[in-house]
Amino acid sequence: QARFGSGRASRFFLRHTTPGSFRVEGVVCHTSMAPSLEEYVQSHGGTRVLRRILVANNGMAATKAIMSMRQWAFLELGSAKALEFVVMASKDDLEANAEFIRLADAYVEVPPGKNVNNYANVELIVQTAKQQGVDCVWPGWGHASENPALPRALAVAGIHFLGPSAPVMHALGDKIASTILAQSSQVPCIPWNGDGVVAEIAADGSIPEEPFKRACLQSLEEAQACAARIGYPVVLKASEGGGGKGIRKCNSDEELKVGWEQVTAEVVGSPIFMMQLCTGARHLEVQLVGDEHGSVVALVGRDCSTQRRFQKIFEEGPPTIADKADFREAEKAAQRLAMSVGYVGAGTVE
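Per our numbering, the very first residue in the sequence shown carries number 1; after that it's consecutive.
Check before you lean on any hint, since a few could be wrong.
Simulated DEER-style distance windows between Cβ atoms [to be verified]: (1) Gln186 x Ala225: 38 to 46 Å; (2) Gln186 x Gln262: 29 to 37 Å; (3) Gly46 x Gln218: 27 to 35 Å; (4) Ala203 x Asn97: 31 to 39 Å; (5) Val49 x Lys249: 47 to 55 Å; (6) Ala325 x Leu94: 47 to 55 Å; (7) Gln218 x Cys189: 18 to 26 Å; (8) Lys91 x Asp253: 21 to 29 Å; (9) Asp323 x Lys114: 16 to 24 Å; (10) Val258 x Arg102: 22 to 30 Å.
Source of the hints: derived by calculation from the structure; they are not laboratory data. In this text, a Cβ means the ideal position worked out from N, Cα and C, and glycines have one as well.
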């Protein structure tokens with residue numbers, strides 16, 4: 001039985017093995033009986049072998065992905081080199097001698113500058129994947145990871161996307177649509193302007209237009225009427241906002257009037273919605289993994305309450321602030337939501 005401690009110890013074991021065997025706590029373990037990747041996939045009922053992986057990300061995301069998958073391959077297959085990693089590297093990453101580049105088997109230099117030039121460029125990612133002959137693409141987080149165009153384009157190219165399908169990503173990526181779907185899956189929601197609106201996800205990941213419009217605020221007057229119903233303080237949000245933009249806390253009709261002008265100006269053309277503000281609340285998350293057969297498991301939770309300007313600073317797990325029975329109900333609700341849309345891959349319900 002192998003026991004791995006810190007990340008440093010794990011890397012030591014991976015780097016100091018000899019062909020055919022490895023040593024753990026003084027015991028030499030032979031890998032001659034370890035299955036090949038093809039045998040492993042077949043024995044576990046799989047139908048697709050994913051050996052060569054393009055990591056369409058950089059920094060910590062790429063580093064953690066490569067190290068985690070290499071450790072898995074070492075433990076399960078007896079070889080950390082059973083998987084091959086290709087990374088995208090900008091000029092800045094190359095000049096910094098970034099660790100994820102050194103960990104990879106190969107790298108492809110991509111244009112520098114904003115991420116739309118490199119790690120968020122769907123066309124470039126697909127082109128790189130084709131040229132490198134990879135079996136799949138791992139998008140990480142941020143950049144192009146939540147852009148439905150990426151899994152859609154990869155599917156056309158016959159390359160597997162390690163994440164949810166484009167329709168699911170489209171549905172859950174919209175704040176209003178995802179809240180409607182949550183209500184439809186009996187997930188408890190705080191009071192908002194779309195209370196009671198339910199719908200089923202369409203094949204393309206969209207929500208029918210009629211219920212979606214009912215869950216959007218069309219004017220300041222509608223917003224004021226909703227605030228009077230659910231009670232101040234409220235949060236006014238742009239559905240397409242993010243990163244601290246398109247969100248305002250309002251304590252009165254006067255603040256709501258100013259907030260409406262600010263939100264609509266910051267994210268022009270975005271649907272607007274409103275939720276009751278939970279003061280003194282904690283930001284807790286449930287981490288999930290779903291498979292292609294409709295099963296979803298809840299792995300662990302995190303407390304992400306330490307934030308600045310609506311952005312998380314660090315995450316703590318497990319979330320000890322919550323009663324275990326209450327958090328178990330939150331896990332079940334998160335599973336229902338993920339199963340209702342056929343979510344595949346790792347994900348977080350906040």
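Taking the hints in turn, this is what the structure says about them:
As the Cβ distance of Gln186 to Ala225 is approximately 27 Å, the hint placing it in 38 to 46 Å is violated. Taking 29 to 37 Å as the suggested C-beta distance range, the pair Gln186 and Gln262 conforms, at roughly 34 Å. The beta-carbon spacing between Gly46 and Gln218, approximately 49 Å, falls outside the hinted interval of 27 to 35 Å. Under the hint 31 to 39 Å, the C-beta atoms of Ala203 and Asn97, about 46 Å apart, miss the expected range.
Judged by the Cβ atoms, the range 47 to 55 Å given for Val49 and Lys249 holds: they are separated by roughly 50 Å. At roughly 51 Å, the beta carbons of Ala325 and Leu94 sit within the given window of 47 to 55 Å. Range check, Gln218 to Cys189: about 21 Å between beta-carbon atoms, so the 18 to 26 Å window is met. For Lys91 and Asp253, the Cβ-Cβ distance of about 52 Å falls outside the hinted range of 21 to 29 Å, so the restraint is violated.
At about 44 Å, the CB distance of Asp323 to Lys114 disagrees with the hint of 16 to 24 Å. With their beta carbons about 51 Å apart, Val258 and Arg102 fall outside the hinted range of 22 to 30 Å.
Comparing the model with each numbered hint stated earlier shows that hints 1, 3, 4, 8, 9, 10 do not hold.
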